[in-house]
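Chains as they are written, first to last, in numbering that gives the first Met the number 0: chain A, 0 to 359; chain B, 0 to 189; chain C, 0 to 168.
Among the clues, some could well be false.
As the list claims (entries may be wrong) - Pair by pair, the computed Cβ-Cβ distance ranges are: (1) C/107 - A/228: 23 to 29 Å; (2) B/79 - A/272: 35 to 41 Å; (3) B/110 - C/58: 53 to 59 Å; (4) C/71 - A/337: 32 to 38 Å.
To be verified - Some chain C residues near chain A, calculated using beta-carbon distances under 8 Å: (5) 54; (6) 75; (7) 124; (8) 129; (9) 153; (10) 157; (11) 158; (12) 159.
The set of hints was computed from the structure by calculation and includes no laboratory data. Cβ atoms here follow ideal geometry from the backbone N, Cα and C, with glycine treated the same way.
Letter by letter, the chains look like this.
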Amino acid sequence: MAEMWINMGPQHPMTHGLWNLRVKVDGETIVDAVPEVGYLHRGIEKLCEGKTYTQVIPITDRLCYGSSMTWSHLYCTTVEDLMDLEVPERARYIRVVAIEMQRIASHLMWLAAYAGDLGMSVGFTYTMRDREVFVDLLQALTGARLTYNYPRIGGVAHDLPPNFERDTMRALKYMEMRLQEYEDLFEGSKIFMMRNVGIGILRSDDAVNLGITGPSLRASGVSYDLRKDRPYEAYEDMDFKVATHKDGDCYARYRVRMDEMWESCKIIRQAIQKMPSGKWRVVAPRNGPVGTGFGRVEDPRGEGTMYVVGDGSDKPYRLKIRSPIFVTVSAAPTILVGYKVADVVAIMGGLDMCIGENDR
Amino acid sequence: MKDKGGATAGQALMFRSKDFLKWSDETMEYLLRKSPVGAGIDLVTKDFFNWATRNSLYFLHFGIMCCALEMAVASAPRFDQQRFGIIPRSSPRQCDILLVNGPVSKKLKPALRRLYDQMPEPKWVVAMGECAISGGPFYNSYSVVPGVDQFIPVDVYIPGCPARPEALIDGFLKLQKMIKENKKGLLTGR
Amino acid sequence: MSEGGRANSAGARDMETAPSRIDANPEDRVLRALAETFPKGVSDGEKVRPGLIRARVDRAELYSACRTLRDSLGFEHISMISAVEYDNRFEVVYHISSYGSRLVIELIASTPKDDPSVDSVSSIWGGANWQEREAYDLMGIVFKNHPKLERILLPKDVMYHPLRKDFKG
């Protein structure tokens, strides 16, 4: 049969951000795939060189807008490593609460888009409704719905609002009830299971070599989570399990993310109960020292790292951002070969791509 | 009846199929768009078509950046733009509105212009968020076009970074009001 | 030290965890192994903080040093490849991490200003492929033996490298 190249994108409902996937098909089976990115390139790394250290924080928010708290937190961690700052206890716990809430909201957003793409619109409406609960909590905490601008170099911007602990506990109880309902809803749907089980298998040594991190790596059997293995902020005091699955197919990735939502609920509960009192911010010096700083966090999509070079002035000399999705998209050809064109949506959607951090 | 094609109806019956199609095309074009028949139809149905258009605005399912998430949330149960008749469609040939919701990079510019050209008339463009209005936080970047109205004519601007879903629905309602006040007929354009 | 459920590249893992009872500090062990294998190529090895070590490597020995890191020292995952421009040189900084011993090594290779090129490590780690393309696209560093060194983020017909200090955008 004749082979031909099909262009999926840049405007395509499954893309969640703009990138182009050119698949070479032989009939219905995929033979090769070439992703093209760069439609969202804004030149953030060059922009950051003209702004002071604090002015960069809203820009890093807009790197990955699905989970913007983790990116500004990563930037603050990197600069604190450069400046050798010690963050107070209360700020570390507040950061953990904010990051885990953001993780739940990000996974719910992923689930909404994934279910919507696979045809289950009821999944879209239910998860969006529950995501609003956490977006409301984060709006009470930070003042914004999507790009929060909350972490600061040396702590967080302001303290917890009144009644925050009570509202959070209520939300967690509601969420755990909902998570049980989602599991029944999705796993009880024959079509969802047929479109996910056995599709897009990624072996563990392929995943490690190609640099894939995060839930996609844990779904292939490698149990590596930066929160457990290289703990940062207050994660050493938290008791939680690392969600893994051994199959490496789309169902495994879905399962890992659902388990991560359960674990995040546990972490938030513990952090609220153990929260110390005290200062929530130390004032950072205006000028950064000459040197380099390196930071790594566990983003909902994988391992995000940043490398900052300071030259003594109040603006960073060079800021390099590594996004987990950049490496995952480059692994698309390995995962897609051999499946049908209709599976592209399930496979690429299951990798949870947020193209904002890809293109910077 | 003589018309622009220069042939009478009698002669039309003796055409070959290709010429017949061309003649009938030109006849209908004249009837509907330039003659008093078209103006009469317009007078009767203008308000009805206007009401139908503004209450079922379909926008293109095209998300660029952060404001795209707020666009998705506006379809969610809490803000629910479907009660106004606003539904996203996947193909540009079926849409009325091009909703630009993010910074337009220089690599994206030709693709966006092509999408705009593929949409059939009548069409409107809504610029959502600061990045589409003027470049937003990235206005002085080397690879961002400062504002989408540099190459596409825009009808409604919705400010915000990101624009809240309520602001998006408010923008659509303003567009509906704009369409209501547009008294031109669809057929003749007068 | 290794628990059930870790990735199973069995040979490198056992060889690496067995001597850990002799040398209590995995960071020092890696630094010493590198210094012994490449006495002239690797220099300035130091432990920055628990879990992060740093070393400078000569760009001619970069490929063999990376091969040693992956094959016998158990560094299976390349985290980040950054390119920095200073006044008199370019530096390519590799952050490579190990799942077994939970370390990150920061390898810094310098190149002169008029010949910014290093060997590509994309045949060692597949994850380095796109990162090197991005360093080429934005900073202009040429990676020798890269399978497909083209522009990735900017349009293909652009002539400049935006992250260089002499580019005013």
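Each hint, compared with the structure:
no.: 1; hint: C/107 - A/228: 23 to 29 Å; result: holds (25 Å)
no.: 2; hint: B/79 - A/272: 35 to 41 Å; result: holds (37 Å)
no.: 3; hint: B/110 - C/58: 53 to 59 Å; result: violated (39 Å)
no.: 4; hint: C/71 - A/337: 32 to 38 Å; result: holds (33 Å)
no.: 5; hint: 54; result: violated (14 Å)
no.: 6; hint: 75; result: holds (5 Å)
no.: 7; hint: 124; result: holds (6 Å)
no.: 8; hint: 129; result: holds (4 Å)
no.: 9; hint: 153; result: holds (6 Å)
no.: 10; hint: 157; result: violated (10 Å)
no.: 11; hint: 158; result: violated (16 Å)
no.: 12; hint: 159; result: violated (11 Å)
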